[in-house]
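Engineer: Residue strings, one per chain:
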Amino acid sequence: MLKLNGLSKIYRVGTFGGKGLHAVNNITFDIGDNEIVSLIGESGSGKSTIGKMILRLVSISSGSIVFNGVDITTYKGAALKEYYRNVQGVFQDPFSSYNPIFKADRIFSIIREEFFPELGDSEWNKKLNNSLEAVGLNPEHVLNKFPHQLSGGQLQRFLIARALLLDTHFLVADEIISMLDASTRIDVLNLLANLKSRGLSILFITHDLSLGYYISDKSLILYRGCVMEMGSTWKIYKNPLHPYTKMLMASVPRLDRKWEEENLDLETISPESFNGCVYYGRCPFAIDKCQEVPPLIKIEEDHFAACWKVSE
Amino acid sequence: MTLQVKNLTVYYQTLRGDVHALESSTFKVGNHEIMGLAGESGCGKTTLGHSLITLKPPMKYIGGRVTLDDEELPIQDMGEMDPFRFKKISLIPQYAMNAMNPTRKIGKMTDELLRSRNVDFKTMLPELKRRLDLVKLSDNVLDMYPIEMSGGMKQRMVMVLSTLLDPSLLIADEVTSALDVASQKAVAEMLVEFRNQGCCKSMIVITHDISILYQIADTILIMYAGQLAEKAPKDVIISVPRHPYTKRLIATLPEVGVRYAEKQLAGIPGGPPLLLNPPIGCRFRERCPLAFEKCVEVPPFIEIEENHFGACWKEFGSNA
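Going down the list, the protein sequences come from chains A and B. Under the working numbering, the first residue of the first sequence carries the number 1, and numbering increases by one thereafter. Under the working numbering, the first residue of the second sequence carries the number 1, and numbering increases by one thereafter.
One or more hints might be untrue.
In the SDA-like style, the derived pairs of lysine to any residue whose C-alpha atoms are separated by at most 20 Å in a straight line are [claimed, not checked]:
1) Lys136/B x Arg282/A
2) Lys81/A x Val58/A
3) Lys145/A x Val256/B
4) Lys238/A x Glu255/B
5) Lys263/B x Gly281/A
6) Lys258/A x Ile250/B
7) Lys263/B x Arg282/A
8) Lys247/B x Trp234/A
9) Lys247/B x Arg282/A
10) Lys136/B x Gly281/A
11) Lys246/A x Lys234/B
12) Lys258/A x Asn277/B
13) Lys246/A x Trp234/A
14) Lys238/A x Val256/B
15) Lys81/A x Phe116/A
16) Lys258/A x Ser239/B
17) Lys234/B x Lys238/A
18) Lys258/A x Asp209/B
19) Lys263/B x Tyr237/A
Residues on chain B that point at chain A, a partial pick, calculated with CB under 7 Å [what the hints assert, rightly or not]:
20) Tyr11
21) Ser41
22) Asp180
23) Gln215
24) Thr252
25) Val258
26) Lys263
27) Gly267
28) Gly271
Quick caveat, the hints were computed from the structure, so don't treat them as lab data. We put the beta carbon where it would ideally sit given N, CA and C, even for glycine.
Please build the complete structure, drawing on both the sequences and the hints.
Structural biologist: And the structure:
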């Protein structure tokens, strides 16, 4: 459904924008129909930037995004609007996604004005109710209210319902449950999984490995804009290959296992001129060869890793 | 017994009336104990932590007593608390990243901070360097401005600052929440190390992340909507919770190893009550599948088993 080919994003940094920061570095992967793919990484790994580039909220430095066989990288105006009928995003903070002066259902009327001006009232209401029910909300309870009268979970589901009003086939979900409480977040997560059965593909962006494991079919582990490991979620979690993935797995606090004693190397030495593996500075297994960038190599069926040690 | 809190009640003053954020809480924290304090947002965990050190408006002291090392803390009086702060009881605030003065170098700021407590910076310097070493920061940070440090480094720096005068009680409020998993683990382990090295006698670690507490805490206290729900040693809380809220809360946590396709987790239906006009009785009553007539009375927070405290009428059985 969606293909990313060598996608890169360079942010201009420094006093006069003289330096370039590779936020996303040459990333290639695809998301099939009915598939949930998680992007997992720490802060600064470029995971949100990828989501924003897919939504065309951030310009693309190089590479291309192909949606259903059409390159959308240069879409503008009417074509871009048509693209948004198919691709929508939901973001981390449901509270700041609304204008507090207006009622929360204003987000729906904007959609109606922009995309369905020809629809009659009864038809529209039916459509709206269907989509609210699809996300597990009772329209009578939630419509006609101000954002502060609704809970975080409700607001977040409102935004998903808004995305569903359109003929959405692809949803970018950027950390959508990290602001929600433990007792309500799992409902939103289950909702995403249910949407998949309605034919939606989802890009699930998270820093939480256990959430990624719970919901996704395929995972990408990112570090400083580069893919470290990629493949079927089950294979990555059962058999993590890259030292970075292993370190992440060992650091996740779990309820069934205590942390093992080991020294974590926190310092991230990153000379700008260094052209090797991005994880070189922190990697305990680094060898001389790591001063060259390792390619993403297929280790087994549906499981790729970018590490010289592993590919040996 | 380091800290003893008895019937502590703290409200927030608002224009629409009092918000009952912390209701009649009684608990103890022992010597060398790391007590985890967990709950959802708005359950009063930060209110509890802050009321022990800076109880200032809009917070309003309603009642209760706090003793630290057999000495009563005058928590309702901002001025009288001053000699205790930093020396006897200290806090690592939420968002410690922004806790440091951006216009001072770290060393200069530490100097000023110590001088305000009549402690000489020069004599503390060797100890300060030792502590920096403990959290894997080099001495050079003293010549740096906060902006030159990463989030994890700032967090560790604030940890060192807060514990410099060896307080009896350290309150760590959401210290690991804003960090990446790797830094999170390092910071959490350093907290334990601080306790082991005697940089503070006991600790209250406030977080919404129960799995972090399972790694570092000795006991865990669960709060719900301003009331204490359950306190027990961590293994007991995770494996045999007694309060229906704790049971459900733990069941909602997704784990590495649980997949939607194989095992669907369920959330807790409903939401926490508004604390402006809280419901009478047990505040979990409306969402609790086990609720019965008795629950309109507030259940006391009592010892159900040895070292296992709980507040649920269903669990008291014949002991009630």
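Engineer: Of the hints stated earlier, which fail here?
Structural biologist: 3, 5, 7, 8, 9, 11, 12, 17, 20, 26
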